[in-house]
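Asks: Chain order of the listed sequences is A and B. First residue of the first sequence? That's 0 in numbering that gives the first Met the number 0, and the numbers climb one at a time after it. First residue of the second sequence? That's 0 in numbering that gives the first Met the number 0, and the numbers climb one at a time after it.
A hint or two may mislead.
Unchecked claim - Under the rule of at most 20 Å between Cα atoms (straight-line distance), these lysine to any residue pairs were calculated in the SDA-like manner: (1) LYS217(B) with LEU8(A); (2) LYS217(B) with ARG84(A); (3) LYS217(B) with MET168(B); (4) LYS217(B) with ARG81(A); (5) LYS217(B) with GLY75(A); (6) LYS236(B) with ALA180(B); (7) LYS235(B) with ARG304(B); (8) LYS217(B) with GLU87(A); (9) LYS236(B) with ARG30(A); (10) LYS235(B) with ARG30(A); (11) LYS235(B) with LEU339(B); (12) LYS217(B) with GLU1(A); (13) LYS217(B) with ALA74(A).
Unchecked claim - Chain B side only, calculated, beta carbon under 7 Å to chain A, not exhaustive: (14) GLN56; (15) GLY145; (16) ARG175.
What the hints contain is simulated information worked out from the structure, not anything from laboratory work. Ideal Cβ placement from N, Cα and C applies to all residues, glycine included.
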Amino acid sequence: MERDAVPYLPRGVRLHFDAVRDAWVLLAPERAISLDPVGHAVLSEIDGTRSFGAIADALAAAYDASPDQIESDAAGFLRALRDRRFLEVR
Amino acid sequence: MTDPRPPIAMLAELTHRCPLSCPYCSNPLELARQEAELDTETWAGVFAQAAALGVLQLHLSGGEPASRRDLEPLVRAAREAGLYTNLITSGIGLTERRLAALDAAGLDHVQLSLQGTDADMADRIGGYRGGFDRKMQVARWIGDIGFPLTLNAVPHRQNLHQLPRAIEMAVEMGARRIEVATVQFHGWALRNRDAMMPTREQAREADAIVAEARARLKGTLVIDYVPADYHSDYPKKCMGGWGSTGLVVAPDGAVMPCHAASSIPHLSFDNVRDTTLERTWYHGSAFNAYRGTDWMQEPCASCERKRVDFGGCRCQAMAIVGDPAATDPVCIKSPHRAALTAQADAHAAANAPLVHRTAPGKPVPDPVD
Numbered sequence: 000m001e002r003d004a005v006p007y008l009p010r011g012v013r014l015h016f017d018a019v020r021d022a023w024v025l026l027a028p029e030r031a032i033s034l035d036p037v038g039h040a041v042l043s044e045i046d047g048t049r050s051f052g053a054i055a056d057a058l059a060a061a062y063d064a065s066p067d068q069i070e071s072d073a074a075g076f077l078r079a080l081r082d083r084r085f086l087e088v089r
Numbered sequence: 000m001t002d003p004r005p006p007i008a009m010l011a012e013l014t015h016r017c018p019l020s021c022p023y024c025s026n027p028l029e030l031a032r033q034e035a036e037l038d039t040e041t042w043a044g045v046f047a048q049a050a051a052l053g054v055l056q057l058h059l060s061g062g063e064p065a066s067r068r069d070l071e072p073l074v075r076a077a078r079e080a081g082l083y084t085n086l087i088t089s090g091i092g093l094t095e096r097r098l099a100a101l102d103a104a105g106l107d108h109v110q111l112s113l114q115g116t117d118a119d120m121a122d123r124i125g126g127y128r129g130g131f132d133r134k135m136q137v138a139r140w141i142g143d144i145g146f147p148l149t150l151n152a153v154p155h156r157q158n159l160h161q162l163p164r165a166i167e168m169a170v171e172m173g174a175r176r177i178e179v180a181t182v183q184f185h186g187w188a189l190r191n192r193d194a195m196m197p198t199r200e201q202a203r204e205a206d207a208i209v210a211e212a213r214a215r216l217k218g219t220l221v222i223d224y225v226p227a228d229y230h231s232d233y234p235k236k237c238m239g240g241w242g243s244t245g246l247v248v249a250p251d252g253a254v255m256p257c258h259a260a261s262s263i264p265h266l267s268f269d270n271v272r273d274t275t276l277e278r279t280w281y282h283g284s285a286f287n288a289y290r291g292t293d294w295m296q297e298p299c300a301s302c303e304r305k306r307v308d309f310g311g312c313r314c315q316a317m318a319i320v321g322d323p324a325a326t327d328p329v330c331i332k333s334p335h336r337a338a339l340t341a342q343a344d345a346h347a348a349a350n351a352p353l354v355h356r357t358a359p360g361k362p363v364p365d366p367v368d
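Only chain A is shown next, with the shape it has when bound in the complex (with noise of 0.2 Å):
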């Protein structure tokens, strides 16, 4: 994913706090992701005007981690959230 990419939900897609198995997923059509604190993390920084470098950045310095792994993760689970139709990209 580019740096300058502005990622976002759907219409239909959203995150979900499970209170009975106490955990964060992704509802999406007929589908329900969970989520690791990692995926949640990301797609808490994703508010539809940031781009995805500067969530990147964000969350490097949240989590005191190398900017270069962060995006090359976070990239890859986006990449596959997009694939399934649960992310778009502007």
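Here the structure of chain A is known, so what remains is to put chain B in place on it, guided by the hints.
Replies: Just chain B now, kept in the frame of chain A:
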């Protein structure tokens, strides 16, 4: 047996009434009458119980769910309970105004059925003249509102040649997903095997069409594919394993592990009018009947795939072998597989008129065979 985990999905069959009469309808032959249907308040209570039990995805289906005049308040109640709401519809009964009301009620997603890619085919299969044109109008309204859309095509011998066009239509409509669910032979479809069984060549052709389209449309259209199972080597992992991920509530409140489970005569089903969903899910006899692997016979019991497909479909074992605890006869390890292959080829070579489903309360036509 380990304790079952909470269910993820619930299929609410709001009604068995439907303007269409598809010959592969997944409703049982004994259709619930309107007077037996749960009322709005009872459904709302069931939705709240489902959410508390761990259900995330609610599929509002039927029959035709739009035949319920209270569909909009039902969607609202489901959203208030915290459920993701999916409307499974033929589109018939939806107007621009009702769709706007469903939007306001918080409906998350629409799954629109496709009986054929032109009016001749679709209206003949659906048994409803004008249905196709109406459906196309509804699809435009869905697009205007911006509901995420899944198209649900059911290929069978008579319309399988239209599969490439169905995929094209999904893209044109802006659908994010198409389900290519080759006809499964339960309920009404079991009466129509001579008319609808695909040939083996068609089944392989469908595999190839789907594989090609998946590669070409990656990132544009997701294709979920249910292959023609009489022509597969291994059975489908029916319901993800009995009583493991989902439950079905019938129009009259009966709670079942799958929508065809009433075809297994020895099962008895709890009803939401009498007991809680939680009690039914964890302790109901029908849910525990084929849960896990303890119930299995050979060749399932010692099979390395027993946790892959959980022995396949119990209703299919019942329908074809007469024993719901038998290995799904689709499995190449089943002693009944050779007979099923011969039967599938005979059905595929046969010719018979379609037997359309009837309306609730109307007599069921006699089987042809």
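Asks: Would you mind marking each hint as holding or not holding in the structure?
Replies: Hints versus structure:
1. LYS217(B) with LEU8(A): Satisfied, since the Cα-Cα distance of roughly 18 Å is no more than 20 Å.
2. LYS217(B) with ARG84(A): Status holds; Cα separation ~9 Å.
3. LYS217(B) with MET168(B): Holds, because 16 Å separates the two Cα atoms, which is no more than 20 Å.
4. LYS217(B) with ARG81(A): Holds - the C-alpha atoms of ARG81(A) and LYS217(B) are around 9 Å apart, at most 20 Å.
5. LYS217(B) with GLY75(A): holds, 15 Å
6. LYS236(B) with ALA180(B): holds, 14 Å
7. LYS235(B) with ARG304(B): Distance ~12 Å between LYS235(B) and ARG304(B) Cα, so the pair holds.
8. LYS217(B) with GLU87(A): Roughly 13 Å between the alpha carbons, so the hint for LYS217(B) and GLU87(A) holds.
9. LYS236(B) with ARG30(A): holds, 17 Å
10. LYS235(B) with ARG30(A): holds, 19 Å
11. LYS235(B) with LEU339(B): holds, 15 Å
12. LYS217(B) with GLU1(A): holds, 19 Å
13. LYS217(B) with ALA74(A): holds, 17 Å
14. GLN56: holds, 6 Å
15. GLY145: This interface hint holds because 6 Å falls under the 7 Å limit.
16. ARG175: Because about 4 Å separates ARG175(B) from the closest Cβ in chain A, which is inside the 7 Å limit, the hint holds.
In summary, the structure agrees with every hint in the numbered list given earlier.
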